[in-house]
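There are 2 protein chains.
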Amino acid sequence: MSQLPFYRGFSNSTLSEKDIEHLEMLRRRCSGNAILASTLAASGHPGGSLSTIPLLLSIYAGSDVTPENPWKKERDRVILSHGHVSPGTYSVLGEMGFFPLEDMILEFREAGSRYAGHVELDVPGVEWSTGNLGQGLSAGTASALACQLSGIPNRTFVLMGDGEQQKGQISEARRFAVKYGLNNLIAIVDYNHLQIGGKIEQIMPQNIAQGYSADGWNVLEVDGKNFSALYEAIAKAYHNKVENPKAPTLILAQTTMGYGVSFIENNHEYHGKPLSKDQAKKAMQELSLSENVDEWIARKEKHTIKTNFPHIKHTYPSVELSEPRLYLDKDKLDNRTAYGNALLDLAKANNQGKPKVLACTCDLTISVKMDSFAKSFPQHFLECGIQEHHSSTMAGRLSIEDFVVFFSTFGVFGVAETYNQMRLNTYNRSNLKLVCTHIGLNVGEDGPTHQSIDYIGLFTSLFQLRISLPADPNQTDRIIRKVATLPGNDFVGMGRARSPIILKETGEPFFGADYEYTPGKADWIRRGKQGTFIATGPMVWVALQAHEQLKKEGIDVAVLNMASLSPLDSQAIQEAGNNGPIITVEDHHIQTGLGSLVANVLIGNRQSVPFEKMGVTHYHTSGTPEKLYAKQGLTADNLAFKMKGFLKQ
Amino acid sequence: MSQLPFYRGFSNSTLSEKDIEHLEMLRRRCSGNAILASTLAASGHPGGSLSTIPLLLSIYAGSDVTPENPWKKERDRVILSHGHVSPGTYSVLGEMGFFPLEDMILEFREAGSRYAGHVELDVPGVEWSTGNLGQGLSAGTASALACQLSGIPNRTFVLMGDGEQQKGQISEARRFAVKYGLNNLIAIVDYNHLQIGGKIEQIMPQNIAQGYSADGWNVLEVDGKNFSALYEAIAKAYHNKVENPKAPTLILAQTTMGYGVSFIENNHEYHGKPLSKDQAKKAMQELSLSENVDEWIARKEKHTIKTNFPHIKHTYPSVELSEPRLYLDKDKLDNRTAYGNALLDLAKANNQGKPKVLACTCDLTISVKMDSFAKSFPQHFLECGIQEHHSSTMAGRLSIEDFVVFFSTFGVFGVAETYNQMRLNTYNRSNLKLVCTHIGLNVGEDGPTHQSIDYIGLFTSLFQLRISLPADPNQTDRIIRKVATLPGNDFVGMGRARSPIILKETGEPFFGADYEYTPGKADWIRRGKQGTFIATGPMVWVALQAHEQLKKEGIDVAVLNMASLSPLDSQAIQEAGNNGPIITVEDHHIQTGLGSLVANVLIGNRQSVPFEKMGVTHYHTSGTPEKLYAKQGLTADNLAFKMKGFLKQ
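Those sequence lines, one after another, are chains V and P.
Just so we're aligned, residue 878 is where the first sequence starts under this note's numbering, counting upward by one.
Just so we're aligned, residue 878 is where the second sequence starts under this note's numbering, counting upward by one.
There could be a bad hint or two in this list.
Note that identical chains are pooled: a pair holds if it fits in a single copy or bridges any two copies.
[Unchecked claim] No more than 25 angstroms apart at the CA atoms, straight line, and that leaves these computed lysine-lysine pairs for BS3-like: (1) Lys1428 <-> Lys950; (2) Lys1508 <-> Lys1177; (3) Lys1398 <-> Lys1381; (4) Lys1521 <-> Lys1207; (5) Lys1209 <-> Lys1102; (6) Lys1406 <-> Lys1525; (7) Lys895 <-> Lys1056; (8) Lys1150 <-> Lys1521; (9) Lys1179 <-> Lys1123; (10) Lys1519 <-> Lys1154; (11) Lys1519 <-> Lys1429; (12) Lys1429 <-> Lys1154; (13) Lys1504 <-> Lys1183; (14) Lys1177 <-> Lys1504; (15) Lys1381 <-> Lys1158; (16) Lys1158 <-> Lys1118; (17) Lys1519 <-> Lys1252; (18) Lys1076 <-> Lys1056; (19) Lys1113 <-> Lys1179; (20) Lys1150 <-> Lys1209; (21) Lys1359 <-> Lys1508; (22) Lys1102 <-> Lys1406; (23) Lys1123 <-> Lys1525; (24) Lys1150 <-> Lys1504; (25) Lys1225 <-> Lys1252; (26) Lys1521 <-> Lys1159.
Keep in mind that the hints were calculated from the coordinates and are not lab data.
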């Protein structure tokens, strides 16, 4: 194990001969360990690891990051975007003392081990789980921004592959970084000119330097195998001694895939293929290392997985709740406005000193009702442009930097377009509050390409994500305030149109001043003994109207509001299952939403009741929500009719 | 109605005074109609429409596209990417005679009308349904490429907004266009410097011209309100009289939002807000038009929707099927290889003249087993680089240009990352064959960020998409050959690892020479009277092992292979529901896959049987599939144990 950094803060003018010697020795050792780990696993990415190792060592040699407290707030953040060079990264981190190297070499890519094929958050020293290319820079912009907002003077490094520069999300992140003046952000591209399929220039030609320049970055081109040159470039970027000191800097480092092992150098086949045992032995010789490959193989055979890093729990700020707002029908409100108001209240109560509540959107400030927030707290509001992929990852990362982050856009953009970014956010145990407006047919006149009818179907496929759909502005208010206090990820979905206030039988707001939202708890809007409408979102109102109609005919049917879709209130569904027929109703694809969730609970309970799902059966045209609902049978009349059909049976 | 084009093929040197006068008159008329339509609908995007209209008119004035046969193969393709300027586009198309203008004005954005808020494929003259920004250029590259592959000398125009240039997907499309030498592609950006939220330079600064230049495009900057200047620029691009005649050309047209109506000019509030009745009247005056707004409003009140364009059915080539391949256990094959072999066979049988079968991937040629195809048919193989968003849209569009298009990548990239692109492909009724490998825990050592366990959950939320999961290499072979012959979209998913051959009780391959795949039909691998395992993909083999174990104990349980997930064989499930306990088993998220589909069928039938879902309960670590399956209880032992538990009850 080596002691790094050599000199924290890149404050020397150059590296000494001795430093270079030391770094060269480390490079050889780390390269050997990366080869060992992947050869022992018979799987992994040695080629890129060997070209990235000099870059990693150069960063860690001067950065403010320590194994003793890898998550301290005042640290330089080092995010690895091309997560497949995990053996190289783990070798460097192990060398620095973040964990025992030996365990890593023996456990890499084994079932049950945290040393996965792509770098994982839970491994000490890793800042963000990556592997899906093109997301690291977005995560890095969030860290850099977080440091600026929190007055932390540290730097964020983002190491990337050259192939992944093809991903469009990177160009989005580049622009965001320039707009927000993230001069504490240093990107380093491992430019070995090879990707899995061959030469980058053949697979997908690209002028990386010009692309960054066009977007306003400083670009430093450097020999990525020369530690002195790397040191000087990093020091310049670190201290903003660059052409535009207010802009972020790219270091484009010319490297060699498989560097230091002659027979795999510049061979793209070793991008993702480990060396054989004999090749590994030869590599040790070339690297002047004394590691005995056979001995390691023998040890591995006897080894059982012992590494069990605890799951990282990111910090989450405590949030002051101001007085909830109570809306009446005369307010003629949509849920979006109630959201915007609650968000403003939260900021007023929490952002007077260091901000706690941040809001971001993608060119939809007014539509998602963030305009009041933006006016009152311009420094805490992020207008990300029409760049949803970047924004989702950025917001996700930002939410683990000690902020409560609300990210809002239309349903189609926040659900369908960025599902994979959200998947990786949740996998990184982010605390993001994704609030999407304009969901369902409720989007109205914007038409079918904007009909987000898959938010339950998609998001129930993710872990570590709560899903809530408010039934009216009062419940919206309470859901927003609640999720702001909860660590973890929340999706809150709402339509565009005005939403009537759900009332008790007494005529008071159902979600009154005394109501508190609890994820996993459904609301019995009306009790009834002959059957149950289970509804969510804008359909709760429709179901309530059906209930009233049936009541006039002497039929007594319950209305259950399933505002929390995940976790699901299985007990309430069971209760409904003991109460006669069930009709589920939702502004969502009929096969993959609430109805399906309820069906699964019922079948699990072996509750065989008359059951029908009502929902969206096909994309519809433009039109007012009322007309579109009518065309798909989502009306009180039809609900009442269907229920009566069941009761006649 | 006006007669366009003035001169097909942009072959004159300049526009005459008379032409300009005519175009100016048309501009005023189209602008008036765009305002009328949106004011009558009380909804829509007039601002951008008015800035785009001169560009649209300039394109159509010389393009080879006619209302008589809008889908003829030999035509110039005009794709509108910023679909929200629909009133402007519809006004121009109506003016050209594609449909009665009057209907459009009265029906725009009304429920039941095809004149939706964002341009729709079914409206004659529209080439691609858009509205989710950033996808049009990808679609355009496909058309340009298709023309090149088919020897069609026509051009493809892609009109885009300036705000949407922020979308990363556009940078991916730019590179693709240059790599494939698409000098028959002309992009025109409506550069009015405003997006919904305000000035582009404030929302998200970007140097559009430099960005395209850096990627190798010709860039022509032009006054977008000057018809002569526009004509000259388009003529240059059309005839490749540009700096690099082998590259595509961008025309960056400086325009004015709300052009021609003084009180909305350069006002971003009218991006998405219609003019009031009084404003519309004033606008008619400014545009020197005699339209009577009150009269139109009165007509609209009495109007009922009458436009009912038929859904477009794109052409689909007829495919020759060569002899299927039969695999035996000694072949030790994975499904991917069977896919690659079938693809090669299809190409050999169909690509001798004009190619019919195309294949594309994102830097994963060997992993997805397209390497044999790529070697034998390099001209029909598209290496798209690590650019999945672009590739999905491009492949989708390509599939309606008279090709059978196979697009392959890993599950996480082809499902989660590009779900929204696929959503819009299916909405455009594409014929794409999306074949994803490395799905499920079966991805093995690549680890959790690469575990695609949501392909059923996500894709069952889409319409017009079949979902198939082969159980072994023989079924893979037959599924691939079958879907190649079927118009429409197919998802075929498979893991990475070797797959044993499923055998009949007689020892012959279950999917033998006589087997033909039928979507919507499940396979009874084994019949049995005491219960049923319903399995899919690699779990069929596991269920079969459980069946064998139980058989030895004298327990007679059926194995049902649900290779077709959509359409689903509800009848087979019903049959299983009459056959005792059911255990579903899948390499997929336990809540949103096969098990949930089966639960929904059973509850619909009121079949109350002992029922258990087995599947993936959390992302796992790296490891071999066998080890990962074991850790999640997906073993024959555990299946047998669970079934016995039910039978004891």
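Provide an ascending list of the numbers of those earlier hints which the structure does not satisfy. 1, 4, 5, 7, 8, 9, 10, 12, 15, 16, 17, 19, 21, 22, 23, 26
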